[in-house]
Amino acid sequence: MTAVPLPTDNLYKFIALSGVTIFIFGFYTINNESKSVNTLAEEITNYSIKDSIWLVNFDFELELAKMHLTDSTLKIHRKKKLMKTIDSLSKELQDFNRRSAKYKSDKFQAERLKDRIEMGWKVVYGGILLMSFGFVTWYQKHQKYLDYERKLIGLKAEQKLRKVDNKEKSKN
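With positions in the sequence shown counted from 1, the corresponding number in the working numbering is that position plus 1033.
One should not assume that every hint holds.
What the hints assert, rightly or not - Here are the computed lysine-lysine pairs in the DSSO-like style, where the Cα-Cα straight-line distance is at most 30 Å: (1) Lys1113 with Lys1137; (2) Lys1202 with Lys1184; (3) Lys1046 with Lys1155; (4) Lys1189 with Lys1202; (5) Lys1068 with Lys1147; (6) Lys1046 with Lys1189; (7) Lys1174 with Lys1046; (8) Lys1135 with Lys1083; (9) Lys1124 with Lys1113; (10) Lys1124 with Lys1114; (11) Lys1046 with Lys1177; (12) Lys1137 with Lys1083; (13) Lys1046 with Lys1184; (14) Lys1083 with Lys1147; (15) Lys1147 with Lys1137; (16) Lys1155 with Lys1068; (17) Lys1083 with Lys1114.
These aren't lab readings, by the way, just hints derived from the structure by calculation.
All values reported here derive from a predicted model rather than from experimental measurement.
Use the sequences and the hints to build the structure in full.
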(Lines of atoms letter the chains of each structure in order from A and count residues from 1; the text may use other names and numbers.)
(Lines give C-alpha, C1' and ligand atoms only; values in the text may rest on other atoms or scores of the structure.)
Protein backbone atom coordinates (compact mmCIF):
# COMPACT_ATOMS: atom_id res chain seq x y z
CA MET A 1 0.00 0.00 0.00
CA THR A 2 1.50 3.32 -1.02
CA ALA A 3 1.01 6.49 0.95
CA VAL A 4 -0.51 9.50 -0.75
CA PRO A 5 2.27 12.05 -1.27
CA LEU A 6 1.83 15.41 0.42
CA PRO A 7 1.39 18.36 -1.93
CA THR A 8 4.78 20.00 -1.45
CA ASP A 9 4.72 21.55 -4.91
CA ASN A 10 2.99 24.66 -3.56
CA LEU A 11 3.23 26.25 -0.11
CA TYR A 12 -0.35 27.51 -0.15
CA LYS A 13 -1.75 24.11 -1.03
CA PHE A 14 0.27 22.63 1.82
CA ILE A 15 -1.06 25.29 4.22
CA ALA A 16 -4.63 24.61 3.09
CA LEU A 17 -4.34 20.85 3.61
CA SER A 18 -2.66 21.41 6.97
CA GLY A 19 -5.68 23.53 7.88
CA VAL A 20 -8.00 20.69 6.87
CA THR A 21 -6.01 18.30 9.07
CA ILE A 22 -6.14 20.68 12.04
CA PHE A 23 -9.87 21.20 11.49
CA ILE A 24 -10.55 17.46 11.55
CA PHE A 25 -8.31 16.95 14.59
CA GLY A 26 -10.16 19.73 16.43
CA PHE A 27 -13.55 18.10 15.88
CA TYR A 28 -12.17 14.72 16.93
CA THR A 29 -10.89 16.25 20.17
CA ILE A 30 -14.18 18.02 20.86
CA ASN A 31 -16.14 14.83 20.27
CA ASN A 32 -14.03 12.78 22.69
CA GLU A 33 -14.00 15.43 25.40
CA SER A 34 -17.77 15.95 25.10
CA LYS A 35 -18.37 12.26 25.69
CA SER A 36 -16.15 12.39 28.79
CA VAL A 37 -17.98 15.45 30.12
CA ASN A 38 -21.36 13.79 29.59
CA THR A 39 -20.23 10.68 31.44
CA LEU A 40 -18.88 12.73 34.34
CA ALA A 41 -22.02 14.87 34.48
CA GLU A 42 -24.11 11.71 34.72
CA GLU A 43 -21.93 10.37 37.54
CA ILE A 44 -22.05 13.69 39.40
CA THR A 45 -25.84 13.80 39.10
CA ASN A 46 -26.11 10.26 40.44
CA TYR A 47 -23.79 11.13 43.35
CA SER A 48 -25.82 14.22 44.15
CA ILE A 49 -29.15 12.39 44.19
CA LYS A 50 -27.87 9.44 46.23
CA ASP A 51 -26.03 11.64 48.69
CA SER A 52 -28.98 13.98 49.17
CA ILE A 53 -31.21 11.04 50.02
CA TRP A 54 -28.54 9.60 52.28
CA LEU A 55 -28.09 12.91 54.14
CA VAL A 56 -31.81 13.15 54.87
CA ASN A 57 -31.84 9.58 56.22
CA PHE A 58 -28.63 10.18 58.17
CA ASP A 59 -30.02 13.29 59.86
CA PHE A 60 -33.23 11.45 60.75
CA GLU A 61 -31.41 8.45 62.25
CA LEU A 62 -29.00 10.68 64.14
CA GLU A 63 -31.86 12.66 65.67
CA LEU A 64 -33.57 9.42 66.68
CA ALA A 65 -30.37 8.19 68.29
CA LYS A 66 -29.95 11.46 70.20
CA MET A 67 -33.52 11.27 71.48
CA HIS A 68 -33.02 7.73 72.74
CA LEU A 69 -29.73 8.54 74.45
CA THR A 70 -31.24 11.38 76.44
CA ASP A 71 -34.10 9.23 77.72
CA SER A 72 -32.95 7.97 81.13
CA THR A 73 -35.56 5.23 81.29
CA LEU A 74 -33.90 3.08 78.63
CA LYS A 75 -32.16 -0.06 79.63
CA ILE A 76 -28.44 -0.62 79.13
CA HIS A 77 -28.83 -3.11 76.25
CA ARG A 78 -30.83 -0.53 74.27
CA LYS A 79 -28.08 1.97 74.88
CA LYS A 80 -25.52 -0.53 73.56
CA LYS A 81 -27.67 -1.04 70.50
CA LEU A 82 -27.85 2.70 70.02
CA MET A 83 -24.08 2.97 70.36
CA LYS A 84 -23.74 0.38 67.60
CA THR A 85 -26.16 2.42 65.50
CA ILE A 86 -24.10 5.53 66.12
CA ASP A 87 -20.91 3.65 65.14
CA SER A 88 -22.65 2.47 61.99
CA LEU A 89 -23.75 6.01 61.22
CA SER A 90 -20.20 7.21 61.81
CA LYS A 91 -18.89 4.70 59.27
CA GLU A 92 -21.57 5.78 56.82
CA LEU A 93 -20.53 9.37 57.37
CA GLN A 94 -16.94 8.45 56.52
CA ASP A 95 -18.16 6.73 53.35
CA PHE A 96 -20.17 9.83 52.53
CA ASN A 97 -17.08 11.99 52.98
CA ARG A 98 -15.14 9.72 50.59
CA ARG A 99 -17.93 9.95 48.02
CA SER A 100 -18.00 13.70 48.49
CA ALA A 101 -14.27 13.88 47.76
CA LYS A 102 -14.81 11.79 44.62
CA TYR A 103 -17.64 14.12 43.62
CA LYS A 104 -15.38 17.15 44.03
CA SER A 105 -12.64 15.43 42.03
CA ASP A 106 -15.08 14.60 39.22
CA LYS A 107 -16.37 18.16 39.24
CA PHE A 108 -12.81 19.48 38.89
CA GLN A 109 -12.13 17.01 36.07
CA ALA A 110 -15.32 18.12 34.31
CA GLU A 111 -14.12 21.73 34.47
CA ARG A 112 -10.80 20.70 32.93
CA LEU A 113 -12.60 18.83 30.16
CA LYS A 114 -14.74 21.89 29.51
CA ASP A 115 -11.57 23.95 29.09
CA ARG A 116 -10.19 21.34 26.69
CA ILE A 117 -13.39 21.47 24.65
CA GLU A 118 -13.07 25.25 24.42
CA MET A 119 -9.47 24.78 23.25
CA GLY A 120 -10.71 22.24 20.69
CA TRP A 121 -13.09 24.83 19.26
CA LYS A 122 -10.23 27.30 19.01
CA VAL A 123 -8.25 24.66 17.11
CA VAL A 124 -11.21 24.11 14.77
CA TYR A 125 -11.51 27.84 14.09
CA GLY A 126 -7.76 28.07 13.53
CA GLY A 127 -8.00 25.18 11.08
CA ILE A 128 -10.81 26.92 9.22
CA LEU A 129 -8.78 30.13 8.97
CA LEU A 130 -5.64 28.30 7.86
CA MET A 131 -7.60 26.22 5.37
CA SER A 132 -9.40 29.27 3.95
CA PHE A 133 -6.20 31.30 3.66
CA GLY A 134 -4.36 28.41 2.02
CA PHE A 135 -7.00 27.54 -0.55
CA VAL A 136 -7.82 31.15 -1.49
CA THR A 137 -4.18 32.17 -1.76
CA TRP A 138 -3.26 28.99 -3.63
CA TYR A 139 -5.99 29.60 -6.18
CA GLN A 140 -5.32 33.33 -6.54
CA LYS A 141 -1.54 33.12 -6.79
CA HIS A 142 -0.99 29.78 -8.46
CA GLN A 143 -3.89 27.69 -9.73
CA LYS A 144 -5.65 30.46 -11.65
CA TYR A 145 -2.56 30.97 -13.82
CA LEU A 146 -2.09 27.24 -14.33
CA ASP A 147 -5.70 27.03 -15.51
CA TYR A 148 -5.10 29.90 -17.97
CA GLU A 149 -1.92 28.23 -19.18
CA ARG A 150 -3.68 24.90 -19.73
CA LYS A 151 -6.51 26.62 -21.53
CA LEU A 152 -4.02 28.47 -23.74
CA ILE A 153 -2.17 25.23 -24.52
CA GLY A 154 -5.51 23.61 -25.36
CA LEU A 155 -6.45 26.50 -27.68
CA LYS A 156 -3.04 26.36 -29.39
CA ALA A 157 -3.39 22.61 -29.88
CA GLU A 158 -6.88 23.10 -31.27
CA GLN A 159 -5.58 25.82 -33.61
CA LYS A 160 -2.80 23.52 -34.87
CA LEU A 161 -5.32 20.76 -35.41
CA ARG A 162 -7.45 23.09 -37.51
CA LYS A 163 -4.42 24.05 -39.59
CA VAL A 164 -3.62 20.39 -40.15
CA ASP A 165 -7.24 19.69 -41.07
CA ASN A 166 -7.29 22.66 -43.45
CA LYS A 167 -4.05 21.50 -45.11
CA GLU A 168 -5.44 18.01 -45.58
CA LYS A 169 -8.67 19.38 -47.03
CA SER A 170 -6.77 21.62 -49.40
CA LYS A 171 -4.63 18.67 -50.58
CA ASN A 172 -7.68 16.59 -51.35
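Tested hints:
1. Lys1113 with Lys1137: violated (36 Å)
2. Lys1202 with Lys1184: Distance of about 27 Å is within 30 Å: holds.
3. Lys1046 with Lys1155: holds (22 Å)
4. Lys1189 with Lys1202: holds (20 Å)
5. Lys1068 with Lys1147: OK: Lys1068 and Lys1147 at ~11 Å, within 30 Å.
6. Lys1046 with Lys1189: Within the cut-off at roughly 28 Å; holds.
7. Lys1174 with Lys1046: holds (11 Å)
8. Lys1135 with Lys1083: holds (13 Å)
9. Lys1124 with Lys1113: holds (17 Å)
10. Lys1124 with Lys1114: holds (15 Å)
11. Lys1046 with Lys1177: holds (13 Å)
12. Lys1137 with Lys1083: The hint holds at about 15 Å.
13. Lys1046 with Lys1184: holds (21 Å)
14. Lys1083 with Lys1147: holds (25 Å)
15. Lys1147 with Lys1137: Holds - the C-alpha atoms of Lys1137 and Lys1147 are around 15 Å apart, at most 30 Å.
16. Lys1155 with Lys1068: Given that 30 Å is the threshold and the Cα spacing comes to 18 Å, the pair holds.
17. Lys1083 with Lys1114: With Cα atoms ~26 Å apart, Lys1083 and Lys1114 stay inside 30 Å; holds.
Comparing the model with each numbered hint stated earlier shows that hint 1 is the single one that does not hold.
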